[in-house]
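2 protein chains.
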Amino acid sequence: MDIATRVHNHKWKIDPIVRSLIDTDFYKLLMCQSVFRNHPRTSVTFELINRTKDVPLARLVDEGELREQLDHVRSLSLGRGESTWLRGNTFYGKRQMFRPGFMEWFEGLRLPPYHLERRGDQYELRFEGAWPEVMLWEIPALAILMELRSRAVLHDMGRFELQVLYARAMTRVWEKIERLRELDGLRIADFGTRRRHSFLWQDWCVQAMREGLGEAFTGTSNCLIAQRRDLEAIGTNAHELPMVYAALAEGDEALARAPYDVLADWHEEHEGNLRVILPDTYGTAGFLERAPDWLAGWTGIRIDSGDPAEGAEAAIRWWRERGERPEEKLVIFSDGLDVGRIEELHRRFAGRVRVSFGWGTLLTNDFRGLVPGDALAPFSLVCKATRADGRPTVKLSDNPRKAMGPSEEVERYRRVFEVGAQREMEVVV
Amino acid sequence: MDIATRVHNHKWKIDPIVRSLIDTDFYKLLMCQSVFRNHPRTSVTFELINRTKDVPLARLVDEGELREQLDHVRSLSLGRGESTWLRGNTFYGKRQMFRPGFMEWFEGLRLPPYHLERRGDQYELRFEGAWPEVMLWEIPALAILMELRSRAVLHDMGRFELQVLYARAMTRVWEKIERLRELDGLRIADFGTRRRHSFLWQDWCVQAMREGLGEAFTGTSNCLIAQRRDLEAIGTNAHELPMVYAALAEGDEALARAPYDVLADWHEEHEGNLRVILPDTYGTAGFLERAPDWLAGWTGIRIDSGDPAEGAEAAIRWWRERGERPEEKLVIFSDGLDVGRIEELHRRFAGRVRVSFGWGTLLTNDFRGLVPGDALAPFSLVCKATRADGRPTVKLSDNPRKAMGPSEEVERYRRVFEVGAQREMEVVV
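Respectively, the protein sequence lines represent chains A and B. With the first letter of the first sequence counted as 1, position 303 gets the number 303 in UniProt numbering; the numbers rise by one all the way through. With the first letter of the second sequence counted as 1, position 356 gets the number 356 in UniProt numbering; the numbers rise by one all the way through.
Check each hint, because a few of them may be wrong.
As the list claims (entries may be wrong) - What follows is a list of derived Cβ distance ranges for each label pair:
(1) E178/A to R348/B: 58 to 64 Å
(2) G88/B to D121/A: 19 to 25 Å
(3) E215/B to P16/A: 36 to 42 Å
(4) K53/B to E178/A: 31 to 37 Å
(5) E409/B to E178/A: 51 to 57 Å
(6) E63/A to V428/B: 51 to 57 Å
(7) R368/B to A375/A: 28 to 34 Å
(8) G373/B to R347/A: 55 to 61 Å
(9) R368/B to R401/A: 56 to 62 Å
(10) G340/B to A375/A: 29 to 35 Å
(11) G214/A to K53/B: 35 to 41 Å
(12) R348/B to R401/A: 53 to 59 Å
Note that these hints are calculated values from the structure, not bench results. Yeah, the Cβ is synthetic: ideal placement off N, Cα and C, and Gly gets one too.
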């Protein structure tokens, strides 16, 4: 595959960005199955949020093209081979992870309508409907916007200029891989679907990781790439579960319990490496302090905001206090990783815990500094559940800059979850 | 075209390196036509000479594969489209540069046998026969050996490692092009066929030059690429003409006259931009001093050894002395060029003369530092006329390290051509 040629061709024909319903993160499907069982009728709103305001998406990306791409996703249904793969493949060592009832529903699914409106230099893009349906919009919506922005920037470049651009980006990825190769016992997966430069580029990065890292590369969060390249599909669960459970909670007591209710449901469905705690939605410290003992028995924890080393140290202390052996526990780092940080964290924690990395945007979209005006630098675009059955959702996170929700609700959550002072950290991607 | 994929494929099937008799330098065909007319029955020996002894060609390149590639060249004949292009195309503004008699002969030509023997870590590769036939072995023989050596080094690399290798090489070429773009009024052509990394790579470099430099890129010496990419074929004449003419000369007086006899024959055949003097075969200074006046009327000069600035200054002085206007004269630099030297020479001579560059090995084979042990660095491989009708040939050049021939003959030539002390310069490529 010649990426530059393909990008060149984008200039004269329509080229769908998302071509499969499984061109999405594996954890979305796991969560979807859980939601399909436990909250099939909860009405949820997902919304696009561009945290990087100085990227004027609506000026860069044509509304017509955006609609064309989104409409194309609505025309997709699960392919036969995709369905066979989901039904028959072994995920995390388990067969038939996706139950027949869920698969039947998924096979009949078309994604629900979207609401798109331009507001100044940004787009308002909203998905409203039954939770299991709208939640599947998150990843394609992000991937489409990221790639349309890439295409817009690449549009006026010559064919060889493009080839050299990709040559530089490839060289950069490879140099990162060469550094990672030096880390003994590394375990790292691709988590870069949502903010990838493009599908082809993610696919290239994944293959380069496989060749360059061998066994140290554990797989990809992208189901389509996992299927096509015969790799492990990787992922567990995300903030949308506690956010929606919390929004649905009646009263402060239920609210305080909501994050544990999520994991109780998850506990029933999954075992082993899928039992990974995501503790930061309403503050990691309080979450661990108040956690029931059965949670300490889980396989690991994912650190997705705040200072990652502090988060891991907190988890280690917590496991010790609860009588667990940290060296048997899995710690997955997945926030704003690049090679330097991976090296640091690996050096600090290898041996003390089972370290693993979910490497996202700076694997699949590190085009920083490669074009004038840094117009291809990745930016912080997210698509979040903002309402559930008419109530606003709230996220606090371990970094106040990643917090979301109406301020009075944020205050209430901070009180209920006993979140004290937090350190602000720059959100890179 | 995806170069890395193709290189990858070399590993499992035979992939001919030279696939056309016009995958050669344009000046070879011009000279061949001249030789075909003036010396069709002169018997000449061409021999491979690896000036870079520490590249153990015979250890790197399998003899069987080398024979296979050389045999493949012997199976080639001029294609119909190729013949049409040579007969019908405009070269240097002139139609029918190749006369019907020559074309008929060329259409029937198969390259003559070769003599190949391993001697320690080097190959002895020799072509003996009628001058117009054996002279056409030079470029394919060099290109085959260079590319087989590249393939040998690339053989154990993984697919993505290869892709990144080419990514780095592309980035390097492009950065050179970006620097050249800054030079006002630049005129530069590709002269990199003989010591290219590979055919596909030369083709890529040529296309990148065209996109990156636009009008400043004047064409390529490679006829096949010129034909396919619709570019100007570039070239004039080379050292083999004076070397063979000199070897054939009876006595010192005839020897002293031989280099001018060459150009007298050329004068009859060509005009305009093809009237370019190559003065360094037996020392530039003496050549110019003793040159007949009609030579000063020629369009330009090609500087191919020695200090290029000194050579150009000598030519400028000579034109002035002979009453010519240097600012109307063409100076073609073609020896060991890379961007730094091109920039210097362009700055120094632009405006004073019409400057032009023939950029060879460091355009089409700059893989320096890209693999361990620098195993892809270009090296100084040549294929020279060493005998003519039983007599050894001699080349002195403006750099004693490029001198060739038996020492007693070298001494005789130095005396006849009154060559004094010469400065030794490193032969890079």
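Results of checking the hints against the structure:
1. Distance hint for E178/A and R348/B: a CB-CB separation of about 41 Å, inconsistent with the stated range 58 to 64 Å.
2. G88/B and D121/A have their C-beta atoms about 56 Å apart, which leaves the hinted 19 to 25 Å range violated.
3. For E215/B and P16/A, the hinted distance range of 36 to 42 Å is satisfied, since their beta carbons lie about 38 Å from each other.
4. For K53/B and E178/A, the Cβ-Cβ distance of about 32 Å falls inside the hinted range of 31 to 37 Å, so the restraint holds.
5. Range check, E409/B to E178/A: about 53 Å between beta-carbon atoms, so the 51 to 57 Å window is met.
6. Distance hint for E63/A and V428/B: a CB-CB separation of about 56 Å, consistent with the stated range 51 to 57 Å.
7. Taking the beta carbon of each, R368/B and A375/A are about 32 Å apart, inside 28 to 34 Å as hinted.
8. Restraint check, G373/B to R347/A: a C-beta distance of roughly 30 Å breaks the suggested window 55 to 61 Å.
9. Checking the proposed 56 to 62 Å range against R368/B and R401/A shows it is violated: the Cβ atoms sit about 46 Å from each other.
10. Between G340/B and A375/A the beta carbon distance is about 31 Å. The supplied range of 29 to 35 Å therefore holds.
11. Roughly 38 Å separates the CB atoms of G214/A and K53/B, a value that falls within the hinted 35 to 41 Å.
12. For the hinted restraint 53 to 59 Å between R348/B and R401/A, the CB-CB distance of approximately 56 Å keeps it satisfied.
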